[in-house]
Every structure is written in C-alpha cells, then in structure tokens.
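**Q** Protein chains in written order, with the numbering used here: chain D, 66 to 185; chain X, 66 to 185.
One thing to keep in mind: the hints can contain errors.
Derived coverage of chain D by chain X (criterion: at least 3 residues anywhere in the stretch with Cβ under 8 Å from a Cβ of chain X; other residues may be distant) [stated by the list, open to error]:
| no. | stretch |
| --- | --- |
| 1 | 75-81 |
| 2 | 115-125 |
| 3 | 140-147 |
Distance condition first, Cα-Cα at most 27 Å in a straight line; then the derived DSSO-like pairs of lysine-lysine [as the list claims (entries may be wrong)]:
| no. | chain 1 | residue 1 | chain 2 | residue 2 |
| --- | --- | --- | --- | --- |
| 4 | X | K174 | D | K80 |
| 5 | X | K83 | X | K174 |
| 6 | D | K148 | X | K148 |
| 7 | D | K161 | D | K95 |
| 8 | X | K161 | D | K148 |
| 9 | X | K154 | X | K95 |
| 10 | X | K113 | X | K80 |
None of these hints come from the bench; they were simulated from the model. Ideal Cβ placement from N, Cα and C applies to all residues, glycine included.
2 protein chains.
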Amino acid sequence: MDTRTVAAEFTRLCKEGKADEAGARFWSDKVVSIEAMDGPMARCNGLKEVQAKGEWWYANHDVHSFETEGPYVNGDQFALQFKIDVTPKNGEMAGKRMQMTEVGLYTVKDGKVVEERFFY
Amino acid sequence: MDTRTVAAEFTRLCKEGKADEAGARFWSDKVVSIEAMDGPMARCNGLKEVQAKGEWWYANHDVHSFETEGPYVNGDQFALQFKIDVTPKNGEMAGKRMQMTEVGLYTVKDGKVVEERFFY
C-alpha cells in the first residue's frame, strides 16, 4: 500500500471520528510519536507507548469536536490538519474549553506509519 | 533567532501577502525546496533556483487569493497551511481557476530556512 493510499484511508477514518481505529490499523509496531512539548509524553517509542498516550488523552479530555483536513502528501509523508475543541478534565487547565489547531506529519514505510509528529 | 520567532515573522509576512519578502529574508543561501511532484522543479537547490521557481510561479499564475494559517511549530520545524485560489496562465490548465490547499513544512537552522517541503 503506497503512501497516498495509506494517507487516504487513515484520513477517511479520522474524518469519521475513528482516529483510534486509524492508529490501530496503520501504526507500525515501532511507531514513534513526537509532541511539540516537553514532558514525559514528548516522545513515545513503540506501539504500546503510543497507544497509552492516546488512551490517556481521551480519558483526560472531553472532546466536543474533532475535525480533520487533508491529506496533503509528499513522497513517503503526509500531513493532516486537525481542529480540536476540547475541555481538559484534569490539571491546571481543567474545565477550560479550548479550540486548538494542529498539524500532524506522518511518515509511512511498508504501508505502516513509522513516525507521527505534531505541530502547534 | 529561534524557530518559533522565525516562524512567527515568516508567517506574519505571508499573511500580509509578502511571501516573497518572507523568502528573501529567511531563506538560507543553501535552501532546498521540495515539491510533491515530478518534473524540473521537484527539487530546487540553493537560493537562486528557489527564487527562480517563485518568479516562474508568480509569472505563470493569476493569484486571486492566498491565505496562510499557522504557524504550527515542533522543534526546529514549523508548518503552514495555504489556501490558494489561482488561474494558470499557460500550459494544459491555462484559464482554469482552481482552489488548492497545501501544507508547507519549513526546517530552520541558525535563524534561516534551510528546507521547505510542500504537501498536497
């Protein structure tokens, strides 16, 4: 499955609100996930850590809407833009509703996502 | 000048319709520009080739609008989303008005853009 095909299918699932299913289907066992912040989840190595980050995120945020635009492809990479409307449940931002826009950059190898990198 | 500062200033100029000025100010002499297509301009190496590509593009397109969203930053890179409404003046698409959305990914070193990569 080439990058454009992976990108199309991954994006279709995200647009249907199935970002978790997109990950389950396309993350490589060795996927690396890189956030644009310091802290324990700045870099997650491997499927288990990346899945755990996702589970933490969904458990700790009320997601009011999650919109996906794209995909935008170049070579073995594709980008998506996310518009996210959430309220954190815990921490110093608890209860504060926020609208965020991010870009996710995905690198594909052998039909799997081997790296995801988030920009904000 | 760190990546976030370069990103903010580069983006400000793009939002003011001064993408050429953003390039003139921030492109490294050794900047590499990578398009998501085959052909002679798929990869431009160095300031002169990148400037020539820009001049070709502006000379061959009627630009009705050019919107920039961002910046989205991670480490030494930032991403922008462009919404472009153009009519090509020449070639097989001449006279056909098109709306395109792209993502530009910029890599910064020593306060200069050393690579730009476009996704569509």
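**Q** If a hint holds in the structure, say so; if it does not, say that too.
**A** So, going through the hints one by one against the coordinates:
no.	hint	in the structure
1	75-81	violated (count 0)
2	115-125	violated (count 0)
3	140-147	holds (count 5)
4	K174/X <-> K80/D	violated (35 Å)
5	K83/X <-> K174/X	holds (22 Å)
6	K148/D <-> K148/X	holds (16 Å)
7	K161/D <-> K95/D	violated (35 Å)
8	K161/X <-> K148/D	violated (30 Å)
9	K154/X <-> K95/X	violated (30 Å)
10	K113/X <-> K80/X	holds (24 Å)
The structure shown violates the earlier hints numbered 1, 2, 4, 7, 8, 9.
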